[in-house]
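Given chain A, put chains B and C in place with the hints provided.
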Amino acid sequence: MPNVSLTINGKKISQPIEARTLLVQLLRDQLSLTGTHVGCDTSQCGCCTVHLNGKGVKSCAVLALSCQDSVITTIEGLAEGETLHPMQQAFREGHALQCGFCTPGMIMAGIDMVKRKGYELDEKTVREELEGNLCRCTGYHTIVKAIQAGARAMKNL
Amino acid sequence: MHDFLYQRPTQLPEASQWAKEHVDYKLLAGGMSLIPSLKMRLSQPAGLIDLSAIDALKGVRIEGDELIIKAMTPHAEVAIDKNVRQGIRALCELAAGIGDPLVRNRGTIGGSLANADPAACYPSAVLALNATIKTNQREIAADQFFLGLFETALHPGEIITEIRFPKPKAAAYWKFRQPASRFSLVGVFVAQTNTGVRVAITGAADTVFRHTEAEQRLNVQFHPSALKGLFMSEKNMNSDIHASAQYRAHCIDVITERAVAMALNLPPQKES
Amino acid sequence: MSASIQSAKIGDSVIRKEDHRLVTGAGCFSDDVNLPGQAYSVMLRSPHAHAKVLGIHTKNALKCPGVISILTGQDLITDKIKAIPHRPFSPHPADIMLTNSDGSEMFMAPHYPLVVDKVRHVGEAVAMVIAESLAAAKDGAEAIEVDYEILPSVTDTVSAAKKNAPRVFDTAPSNVCLDAETGDREKTEQAFAKAAKIVSFTTWIPRITGVPLEPRAAVGEYTDNGRHYTLHAGTSGAWRTQMDIAIMLGVHEDHVRVITKDVGGHFGTRGMLYGEFLLVVWAARRVGRPVKWTCDRQEAFVSDYQARDLAVEAELALDEKGHFLAIRGSNISNAGGHTTNFSPLRKGVEIMSTIYRMPAAFFRARGVVSNTAPTRPYRSSGRPEVIYVMERLIDLAALACGIDRVTLRRINLLQNHEMPYTNPFGMVFSDGDYHQSMEKALRMADWDGFEQRRQEAKTRGQCRGIGIANYVDTASGVPRERAEMTLRADGTVEVIIGTVSTGQGHETSFAQLVTDWLGVPFDQVKILTGDTQFVKFGGGTHSGRGLRLASIVIHSACQTIIKKGKRIAALLLKCEPSVIEFKEGVFYQKGELGQESQGGPVSLTQVAEASMGLTDLPEELQGPLRAIGDETVTVAEFPYGCQVVEVEIDPQLGSLKIINYTAVDDVGRAVNPAIIHGQVHGGIAQGVGQALMEQAHYDPVSGQLLSGSFMDYAMPRASDFPFFNAQYIEIPSKTHPLGMRPAGEGGTAPALGVMINAICHALQDYGVKHVEMPATSERIWQAIQQAQATKTS
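Residue numbers (the working numbering), protein chains in the order written: chain A, 3 to 159; chain B, 226 to 497; chain C, 24 to 816.
Just so you know, these hints were derived from the structure itself, not from any lab.
The hints are all genuine.
Okay, derived cross-link-like pairs now, DSS-like style, lysine-lysine, Cα gap no bigger than 27 Å in a straight line:
| id | chain 1 | residue 1 | chain 2 | residue 2 |
| --- | --- | --- | --- | --- |
| 1 | B | K453 | C | K481 |
| 2 | A | K157 | B | K307 |
| 3 | A | K147 | C | K463 |
| 4 | B | K264 | C | K86 |
| 5 | B | K307 | B | K394 |
| 6 | A | K147 | C | K680 |
| 7 | A | K57 | B | K264 |
One chain only, chain A, in its complex shape:
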């Protein structure tokens, strides 16, 4: 069985895996990092979004072996102890979640958005940039606002 070595949430991992193992399966099934969710099989819902070498990707469409020597951040790796990441804090304060299933992906996508588009995000940009993340509960209203607020708060990181 091939082996994969990578860093996940600051921790070095080396693990034998089947070649077909998806990154999300490695995270959820083998490392018990169940904050990353699976909501579809066609890579559209975005519930499985993580950061791969600092960029947002859908971990259900990435082979774990493709991540050899990579740095992965998942939703579990954002907060520092009890201190939430500003984007997490913005979601919490802004009531930007209901059932919470899409939330980890939304937060990871939101941070990725800020990295690419900056701290001042207008409504149109956020809405367009959320193309790859579905939410069935909120109508996106509070999510868009939370990402705008989280983006501004990230300026002070």
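Just chains B and C now, kept in the frame of chain A:
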């Protein structure tokens, strides 16, 4: 997903060797279409050759009048690349509208072309811009590349290395999204090139194709008004739950005009 | 803002208790549960819409490495597993009854979790493969051979109701399981006979599916010791699931435990037991180890309970001044491949006239089966469908009569003094100020300034339209709910309740109630749900009954706690209980609060400590301070409101953009405004999704589901919406003891009607009268083409 063997070469010759010796392997060039199809067991290759570690297949450069995008350059990088922006702005805009931001971080131009999804964006740009697809074996002209539904001129084991785009005088891409997949319901790429106007349509038929009647008219006058009274035949148009053949043909008429207007930086058309 | 300093009483937008775990990935959804030694299962599903199962050959599949066992419908029969106990109507005295007009019994047939005779829709489970890994289970499923005798199928609702349609159940005389009449035929005919104007409208409210973002998943356990089954799965209420599984297994409920933790959305789809939930516990017994099942999204599209799917023919009669005289017509609801649920048919037809004055009405209501996935109530079950019909009829009538559509609504909308109002189907609307909500929405949306905005849009080549729709949401559902409240010596209040939050934030809003009523710090209130180990009854979360009923039983429990507390406090303060008062968590003698006085005041915590510590208390006051609120609420609630939508249409392509979305809801009394707004926003998005893009699209010939993944089932995305302009009003309900009205379904109820009304208004100049749902770009464009062709011909 069935299990498979996996190789992740770091050099192109190594990849070529693997591909040559194992024609039952598939090339993994981002995987945004391939991995979902593996998951659904629609495709069961014996092995995968992952091209993502080959640095020589990534990047953008300008050579004379040509913009060259290497095969493993992700859409997200094409979308913000200065050379692309200066050379062929429409390509930036096209790349910025493929899939979603997370898909764009992974998906590559080479992967998109080799997959030849009939509703993908890039094939229309390659065809309209009269690009050349360079592989590890040869060069293929865009007009010879797309053969049909998910079918290209690539031989088994042939690896796309880069795409050479001659810079056009003007170009634009107008995409009308299918509401579910957000692929093109109809996408029109219009380019005024040194060898004449080329119009490529994606999403509407079983493969990307050139809209030759529109090209003829636009060669006479490169202006939206030149297209007045031109109606695309609904013959050969796709018809599915998202749009009838009739509607797709109609969209081509409207969107082609809009793409020409966009290429010319004309204000949006009001309804006549 | 930290939780400790925020005010957390009724009316505060408290940050949710749930959200720290959910934003850090620490939630526990169904697929997050893994048990030591668990096996994995996969369902082999039917590729055919309608076929006899002649044989299932598992020999090769059983040889696949890792395959442990393969179970079929025959094994269910052998083990005497009973059919899923569907309840076609949830019993509530406020709803009308629908019975066959010829006096016969409504047709019902057993629905087994695995097919026993024939498959009745694409995706019906035929066999369950249990293996060491998911991949091995899938390999096994691929290796099973099933002999099918393919039968002609029917998926379309109106076609299914026809006499000669392919028969879904051989034992039934037709696919029509229920054929009822409601209203007053004679009175209605008389009204129509003297009408100055009659408008008619024939439509189909398409079949959609709920798509909670979390796909279903379940893990089943069985222990020989005590013959005990445990199910871990996302449900809308653990207790009801426990009962149903016990019934199917034929065991006492004490032998079944159901544990539900975080649930990734519900919207009605999770309101009934899913066969797979029974299968995992049963399979766990069969194979002697825990068995897990996780649904793929594509599997969810074919096997989740679907929704809506109502064919309507309706006519509205008006007098020469525009007063409504009567409404009549026919509704046909499509239950799919099994007789699962006809509740949406009833919940719709009983309020066909919505909140307008309607002297007479008569409707035929039919429920049919077809070769499609079974359906269930979905957000605001039945009401969005009929509100859409009524609001379309009004706009069509306005055009036909030459009366302004807002004026027509003002003329016919019920006035305060007419309440309570008994509608022509016998439903009693208790109270509501319908004019206030409509006028507020009109103002918020700047209805009067629309013409100017339309002209501006025209200069950009865009057709702008504005639409309005009023709604009423008749909230009934399971009438009984129970709360068990315990005050711990450390000051913690535990509340055990039988609802399950599937995104509504019960841990927060229910805790706010306790904080407000007992004066206990918000952080010290713990809401415990979702585990039948301690939940002894609960109606579940549906029908706008979560907070509506929880507030009643929690209030009742709080009152009991205070009453008991007064007795203990009296002992502590050495006075009579009758002179003890309670406020903000403190017991004190009348007139002594804030004053230094002998032995008082005492806090609730001190009382709790005393109940645990003092041995000289009367016996009934010793031990943890505890109270049970258990109420059966037989009155329904009637939240209502109004929405106004403004759209722009690109007439060349038919593409549409929502420019403004205004919503006004009367919530009676708001507990957590932020949660309420969230409910409204999400409800709107689901309604808009149905109006514009969503459809579970079955091929009429093959019965195949053509929209079987997110590649083909269009989901609303962030870019489909503007920020919503939503406000609520608080007119305390007269039938709820605390004045509260549900807020969960009001977003959806008027959304279908308001969207289509806005679209048709935008296209009015072309002569377009109507666009069917989903109003896709093509549908809009085709409507323009047809209207223009009609004009020129």
